[in-house]
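Asker: Order-wise, the sequence lines are chains A and B.
Oh and the first sequence: position 340 is 340 in the numbering used here, straight run, nothing missing.
For the numbering used here, add 1000 to where a residue sits in the second sequence, where the first one is 1.
Hints in this document: simulated from the structure, not taken from any laboratory.
Beta carbons: idealized from backbone N, C-alpha and C, even for Gly.
Hints are supplied without guarantee of correctness; some may be wrong.
Unchecked claim - With beta-carbon atoms standing in for the labels, derived distance ranges:
#1 A:S118 to B:R1310: 49 to 59 Å
#2 B:P1360 to A:E268: 44 to 54 Å
#3 A:E268 to B:S1042: 20 to 30 Å
#4 B:Q1123 to A:K162: 48 to 58 Å
#5 B:G1249 to A:G355: 39 to 49 Å
#6 B:T1248 to A:G21: 19 to 29 Å
#7 A:E223 to B:G1039: 37 to 47 Å
#8 A:M148 to B:T1248: 47 to 57 Å
As a plain string of letters, each chain reads:
Protein chains: 2
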Amino acid sequence: MPKDVAIIGVGQSAFVRGYEGSIRELSFEAYREAMQDAGITSSEVDASIVCSAPEYDKQRSPSGLIAEYLGLNPQPTFAIESVCSSSTTGIRTAYALIKSGLHDLVAVIGFQKMSEISSADSQERMGRGADIMWESPFGTTMPAYYAMHARSHFNTFGSTEKDLALIRVKAAKYGQLNDKAVYRKDLALDQVLNSDYVTTPLKRFDCCANADGSSCIILASAEKARELSAKTVWIMGLGSATASLSMTGRNSYDGLESVRLAARQAYEMASLTPGDIDVAEVHDCFTIAELMAYENLGFAEPGRGVELIRDGETYLEGRIPVNVDGGLLSKGHPIGATGGSQVRTIVLQLRGEAGEIQVPGAEIGLVHNVGGVGIYGNVIILGS
Amino acid sequence: MPKDVAIIGVGQSAFVRGYEGSIRELSFEAYREAMQDAGITSSEVDASIVCSAPEYDKQRSPSGLIAEYLGLNPQPTFAIESVCSSSTTGIRTAYALIKSGLHDLVAVIGFQKMSEISSADSQERMGRGADIMWESPFGTTMPAYYAMHARSHFNTFGSTEKDLALIRVKAAKYGQLNDKAVYRKDLALDQVLNSDYVTTPLKRFDCCANADGSSCIILASAEKARELSAKTVWIMGLGSATASLSMTGRNSYDGLESVRLAARQAYEMASLTPGDIDVAEVHDCFTIAELMAYENLGFAEPGRGVELIRDGETYLEGRIPVNVDGGLLSKGHPIGATGGSQVRTIVLQLRGEAGEIQVPGAEIGLVHNVGGVGIYGNVIILGS
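Kindly produce the complete structure, drawing on both the sequences and the hints.
Answerer: In structure tokens:
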């Protein structure tokens, strides 16, 4: 298993509604935590990558602004975007910058301040991530797309609204333990099932929330990590794939093909199988997304993902704990920050520093981060 | 000198005002040309990087849209942005993706359709690439920033408006030979000097024009290039650095510190000196930018760049031909496409395919691409 590039520091701001500071201050919150975690200063960072989705705040080319604020001049910086998977795309790119020999230590900063615009405007912008010529003018929004996936999964495999609700109940349970989550309330199954429909069959509690937040992941070469005597978690496997932007270009809505491909690549690179994963973070922007992830990542056969949640196998005590930090459903989903937040959770797990949600003896973890409706699929496997 | 990663195909659309198609069609124009040049099909491309500045067209996350249109699913794709230097940042990242072993063949597609919005809106958006809290609210725009640099250079070194006009005269001369340039008219020195002031001391003809356009550069590993029997131009040196976003954070306005640093990195990686460069493309968004580039790249000592243009040394027959394709001043500057267009020109030179503007025996070429007012500085050295 490769041990060429390590994660040596992780940080995350609280994910909140209506953050009062600017994007530079928001980014600093995660950066400071990650730098303290890594025990380094800005002059030791060779390059930075800033990950966010444009058009939420007024600042254009935010990487220049944020690099200056964080004391990261004159090192190179640039922006990477693959909507909701931007920060794992940034982490994969940082891996390449290090493995190629161009840099030894790279900071990947993800942020989003969604509260700068109204919730309706936010939906409209997310919709314009779909094809603005052939799809978004017809009113397609993210909840509607995932509702299509839910209907299809129900029809093909017999999964139900109750199965989705069980996923939210799990997320709510663990969200209470996460002091950086935007939702920290317990939810009973009935509460989820009785919440208003947003777009059938998805209800309010099947959807994650907009949030403001930031994350920061510091990566280093093996040599630099040794030199710094850093705490290391290794990048074992990386997978990245796409599906057609247009829904009409897909063969099936029962899962996300980009994720299946990305998972295969990541397992192959790591020489591991789904059974080797001790703990996972999956991109549960909607409950149906987590259910599909169980199957697309190989934790369950197609159509049998429901058994994992019905049997409690993705709880902390189960066979494969998933999103025991509350997931996007509890934490909130500040687009550019989300993937970094997922990676942070897994890094803390593999370092044995996850506190109340620690999976005992976790050595291998997986992150699944999706952009759009599976347009972009990223999978990262980490090992201690 | 490194011969690990090669450019095996280059393409560019015509740079025009008011392109009538969509961004996907615009991107296809450069892509088709590059793919034909490389002699490959989409299934052979391992990954694509899409470079553009957001907020010109309505499509968000354009990489997903363009990858689908170009037949590049399910390979990974993502967007990179460093404003006007986006596509050279993309090329540097593609180099890392290949050198790291993650991919063997990567397409870097740059595009911008600036005509989707008004010229005034375009200025406003470019202004918001500066700090929206402390600078752009005071009306700073790109011409104003570069005018500060011109004033400073005049004061420190005694350069003049006439020196700047000489640079435009050269650009106009070569622009006539470039059938992809937006401006193809000869300009006499008096015409330039008598054009209206935009922001003193910069006049209309000191400024490049907004344009719609696309570029595409195909990179491959040495092994893949051999396997494809491809025409190869090698990436010899890469440099990338930043300066503070805020103008108040700079020590001097006589040049661009990010470029000086990036040039030093690129020369060092290539084990070359400025005297080894046979032909160069520099980022002449304004005439003063080309003058500063002469000095920041080491073609002339600080303050002596004027001698190069006064003595005709940067003409085709001179010591160091610069922007003999007409530069941004003649070609136009479709933000995300510009760096790729510069690289294309140098690749054609090094392959001996530059036609009327061929620099005889050119073996080493340099590309200088700047984002914002030197916030981002990229230098690439290519060798045949």
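Asker: Does each hint hold? Answer for all of them.
Answerer: We went through each hint and held it up to the structure:
1. A:S118 to B:R1310: 49 to 59 Å: 57 Å, holds
2. B:P1360 to A:E268: 44 to 54 Å: 49 Å, holds
3. A:E268 to B:S1042: 20 to 30 Å: 23 Å, holds
4. B:Q1123 to A:K162: 48 to 58 Å: With a Cβ separation near 55 Å, Q1123 of chain B and K162 of chain A satisfy 48 to 58 Å, so the hint holds.
5. B:G1249 to A:G355: 39 to 49 Å: Hint holds: Cβ distance 40 Å, inside 39 to 49 Å.
6. B:T1248 to A:G21: 19 to 29 Å: 21 Å, holds
7. A:E223 to B:G1039: 37 to 47 Å: 39 Å, holds
8. A:M148 to B:T1248: 47 to 57 Å: 51 Å, holds
When held up to the earlier numbered hints, the structure conflicts with none and fits them all.
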